[in-house]
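Asks: Can you build the whole structure from these sequences, using the hints too?
Here are the chains, one letter per residue:
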Amino acid sequence: MTSHGSLRRVAIVTGVRTPFAKAGTLFKSLSAIELGRLCVAELIQRTNLNGSDVDAVVFGTVVQSVQAPNIAREVSLMPLLGKTVDAWSVSRACASANQAIADAADQIALGHMDCVIAGGAESLSNVPILHSPAFADVLMAANKAKNISQKLGAFSKVRPKDLVPVAPAIAEPTTGESMGQSAEKMAKLNGISREEQDEFALRSHRLAAAGLRDGRLAAEMFPVYVPPRFEKIATTDNGVREDSTLEALSALKPVFDKRYGSVTAGNASPLTDGAAAVLLMSEEKAAALGYQPIGYIRSYASAAVDPGEQLLQAPVLAAPKALQRAGLTLRDIDLVEMHEAFAAQVLSNLRGFESPMWAERAGLSQPIGEVDRAKLNVMGGSLSIGHPFGATGARVTTTLCNELTRRGGQFGLLTVCAAGGLGFAMVIERA
Amino acid sequence: MTAIDTTPRAITMQVEDGIAVLTFDLPGSPVNVFSAAVQLELRASFAAIQRDPAIKASVLLSGKRENFIAGADIEAFLAFRVAEDAEKACRQGHADFQEMADGKPLVCAIHGACLGGGTELMLAAHWRIATDSPKTAISLPEVQLGLIPGAGGTQRLPALIGLQAALDMILTGKTIRAKKALQLGLVDEIVHPSILRRVAVQRAQELAAGTRRHEAKPKGASEMLLDENPIGRAIVFRKAKEGVLSKTKGLYPAPLAALDAVAAGYSSDGDGYQTEARLFGELSMTPESQELVFLFFATTALKRDMGVDDLTDLPKALPISRLGILGAGFMGAGIASVASPAGTIVRMKDADVTRVGKGLAAVREVMRDKLVKKQVTRPQFDDLMLSVSGTTDYTGFGNADLVIEAVFEDLQVKHQVLREIEGVVPARAIIASNTSTIPIARIASASARPERVLGMHFFSPVHKMPLLEIITHPGNDRQVVVSAVAYGRKLGKTVIVVRDGPGFYANRVLSPYVNAAGLLLDEGVSIEAIDEALVKFGFPVGPITLVDEVGLDVATKAGAIVAEAFGARMAPNESIQRVIRAGRLGRKGKRGFYEYDDAGKKGGVDSSVYELLPTGQKRATETAARIVQRCVYAMLNEAVLCLEDGILRSPRDGDIGAVFGIGFPPFRGGPFRFIDRTGADAVVATLDALEREFPGRYQAAAMLRAMAAQGGRFYPAHGKPV
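Protein chains in written order, with the numbering used here: chain A, 1 to 431; chain B, 1001 to 1722.
No lab work stands behind these hints: they were computed from the structure.
Be aware that one or more of the hints could be misleading.
[Stated by the list, open to error] Think about it this way: if two alpha-carbon atoms lie no more than 20 angstroms apart in a straight line, the pair counts; the simulated EDC-like pairs of lysine to aspartate or glutamate are: (1) B:K1618 to B:E1523; (2) B:K1179 to B:E1066; (3) B:K1358 to A:E231; (4) A:K232 to B:D1352; (5) B:K1241 to B:D1168; (6) B:K1370 to B:D1383; (7) A:K83 to B:D1383; (8) B:K1590 to B:E1611; (9) B:K1618 to B:E1528; (10) B:K1135 to B:D1025; (11) A:K232 to B:E1365; (12) B:K1249 to B:E1528.
[Stated by the list, open to error] What the simulated footprint calls covered on chain A by chain B, stretch by stretch (three residues with Cβ under 8 angstroms from a Cβ of chain B suffice, anywhere in the stretch; the number is not a length): (13) 35-43; (14) 46-60; (15) 230-244.
[Stated by the list, open to error] Derived, one-sided and incomplete: chain B residues facing chain A with beta-carbon distance under 7 angstroms: (16) V1353; (17) A1361; (18) L1386.
Cβ coordinates follow ideal geometry from the N, Cα and C atoms, glycine included.
Replies: Spelled out as structure tokens, the structure:
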């Protein structure tokens, strides 16, 4: 049974993204909304799409703007689309763009919509810095004050420590465990060595560098001219290190467990700014407008695990569900794109695919199986390319479709792990 | 028995609860204007209001959607034969508005444009309400027609908003939006359009009941110090006069007359209203005003001209919502910066990302200016910028309705990009060349769809220069022409359509003018003398400065093309050739005839340039009058030749093209108006004399000679000129 079996087939017309830039570098001055707008505008330009054909924009972001929490609406309110295109935002941590694509696909499959732009954006250079709760109380009280003396009275309660700003942490609210600590724990639980992790990170950089060099990876991005002077122009992912070596990687100190740890800055994905979007249409609409889609959505699925256990292991449960809905097994899959939050996480996920214990948890009689490394992340992944949380899902989808087309494969599988113990998987069918 | 008057009325009255609501809705016109007939109706209505004891107060509003009152009917001005006629009309206006001011309370409810006489009427009312709509704009634009407000504006405005603010409006004709009007005290309150009428009626009730009185806005410190005493006012007037003289170089009498009229209102012995009427009358007879009024009619008429002569089944303009621009340089970016605010989605292509980035930066400069001047909000600014994107390939061109190429002026290059464009754009797309010199037919010869190829010659800097010269060739599809004209207007441009030929119109008439200036340089006349003479004549900059601005390379390239086509009279002069050979390109290279600092700011004449000229440091003298004659008459004659050759479709287009495209002094109307005013015979006589001195350069156009022989003119001597 395919998830959209009795419904309309959903075409991925194309995808495009900004180059990914390490936080604090080229896109420092751009908000997630601005990155998202640039990306969607370019998607419309490249596809020669008429704004009036678009039914909705679905967008994901993780670190939301306090002023404009519905990023999809801010993105959709652009001259290329007009003011009457529906828009909603989704949040599924690092799988937010995947959820945006899934939402859009559902609307199309159901026949509610014909053409939807889905994607995500993230600016980790611009995270909102908050006041402490104590200072926030003072500000609220001062706001309600009816006269100057009340106002001054409110501020007289401020203590120096109240003025220390609060920055959001990449940590689980329920467990207090940071993402890195979780990855560190997973490495230990699954017996992933430091060497294995560094080797995988190196592989990621080398494959990404090759993809940039031969133009396969470059084809999915467009140059971003950075205002106000437009002299800084992002033309490529700036986190990919062509000259990376195992020696250099192994020299890095573990960050989260200084004594027994193995997760380093070199085998973890960097904080990244960027945006990515895909154009989805019903098969009929795409044909009517004369588009040659880059792929079709065959199925998708999501799953969750206890965040206190193995935070990033849920793809192991989501993948078999998606495969089952697609009526396929791992053997049918020609290409796998697995989001690389940490090398330890990718290797844990892969081990989970092969594990009878995880098979049992997934309700399977036997494990999904071993992923052929020749089919895995063939142009690198988030470790090297970078990982703007909200955008990664759309990037992975585009990369998978394009490469599947290039290789002439039939089916592709993508998985994305996400904070909160969430996991997402999608099966793509070649056009 | 008298016949029943069935003429539709402009003013209708409705009485509700003792308040007379007057609605001004001029039949058959998109805007309300005052004519003698309307004034008569208005007078009768107000007389009826004063007579009727049941009416306590009145409200005046407009029945038009986005216009309150556009002022006086300018056509009525043409009936004035002598100054006294105009003066008399002013006195009538004074009397009418004074009756309103002295009568029962009147509330003006203003939505949309409120200009000239409309503003003066409003000033005579007892309460003014404006809507907060962006369409609401109040101004006294009379100086732009070489006139002054003639219905009490110079008297009532300073009394209401203070001397300095009033002079600012009267001397510039600037537009005041609702919010600013409230700050100035020009209106008493601003409301949403949907409650305008209700609030206006309520205020009329309150004024009638005496529960509300109009109170003057409290005065600011500078007003107290300067406006409220004779010494302070003298300072204000002196400063204002200095400002006017530096801006107009003394060439425009109206702003100075406006100062006199306002001053008369403060003087104890003079009558301000009488002075205003007298000066209005005098100004109406000045050539300056008559030519500015001509330009008003000419531009109005031009707006209705779709650029094609065959009007049978005139095709509708194609919508242009996506624009492709080739070349992100100064021109390309300039075009993008006017297309985006017109609501167009723009894709700008250049060879590499650095050039594209520079183009985007240039667009941003223009948009930022709008943001700083509060013409747009920050989100609007963001949208304007997002509407313009760059590319180094042809992505985004597949949906283009129009592509404008602004690449290097070289026929081979133009042919190549034309073929490339045609390979990617839809068949419906119009392709325009922004060439300033290469004949369009020659460019179109490489096209698979030559009927869709035409010229759109923008002037630099595009966001500031009002003219767009559209060049058609005989093979053009009429719909293509109509669409280009409509789009040019959407960009806010004054559009003239000219026929194909070397230099088209603007550059062709400019060439002999610049050449004449170059010949003066050859003879050793100083750069200052040449430029100053033509600035005094009324050009915004002199011809040598112009060459520096345009770039010597561009100027000589254009010069060579017309010289090749027209021979002796366009033969290039020696001086400019020598300067360019020395590697001086003008402002863009920061070296030319003038000095430029590192920021590109122009200084004085670069005296080292004389070393390059034929006479070296030896200066010859020539009178300003002769300099003007030699340069301007070459241009006048060339303009007539353009009409004779069919490049121009009418003298009107020639005048508008010269004024809006190359800075021909507006108060002189344009080359054809100048000839009419001077007399064709006198112009021919001058040309003949110049031709004897400079053989081959001043051969009077046959058309002009025939006109001189028959005493003909380009425009009718009386009545509406166009």
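Asks: Min Cβ distance, A1361 (chain B) to chain A: is it shorter than 7 angstroms?
Replies: 4 angstroms, holds
Asks: Under the criterion that the straight-line Cα-Cα distance not exceed 20 angstroms, is the pair K1249 (chain B), E1528 (chain B) satisfied?
Replies: The given pair, whose Cα atoms are some 16 angstroms apart, holds under the 20 angstroms limit.
Asks: Just to be careful, I want the Cα atoms of K83 (chain A) and D1383 (chain B) compared with a cutoff of 20 angstroms; is the pair within it?
Replies: 12 angstroms, holds
Asks: Hey, does the L1386 (chain B) contact hint survive, CB to chain A under 7 angstroms?
Replies: 5 angstroms, holds
Asks: Just to make sure I understand the rule, a stretch counts as covered if three or more of its residues have a C-beta closer than 8 angstroms to a C-beta of the chain. Does the region 46-60 of chain A meet that for chain B?
Replies: holds (count 4)
Asks: Given the hint that K1358 (chain B) pairs with E231 (chain A), test it: the Cα-Cα distance must not exceed 20 angstroms.
Replies: 7 angstroms, holds
Asks: Report holds or violated for chain B covering the region 35-43 of chain A, Cβ cut-off 8 angstroms, minimum 3 residues.
Replies: Coverage by chain B holds here, the residue count being 4 at a Cβ distance below 8 angstroms.
Asks: Starting from K1135 (chain B), check that the Cα of D1025 (chain B) is at most 20 angstroms away, please.
Replies: 17 angstroms, holds
Asks: Verify the proposed pairing of K1179 (chain B) with E1066 (chain B), using a straight-line Cα cut of 20 angstroms.
Replies: 17 angstroms, holds
Asks: Between the region 230-244 of chain A and chain B, see if three or more residues pass the 8 angstroms beta-carbon test, and mark the coverage as holds or violated.
Replies: With 4 residues close enough to chain B, the hint holds.
Asks: So if I understand the rule, the pair passes when the alpha-carbon distance is 20 angstroms or less; does K1618 (chain B) with E1528 (chain B) pass?
Replies: The hint holds at about 14 angstroms.
Asks: Given the hint that K232 (chain A) pairs with E1365 (chain B), does the C-alpha gap stay at or below 20 angstroms?
Replies: Within the cut-off at roughly 16 angstroms; holds.
Comparing the model with each earlier hint shows no violations; every hint is respected.
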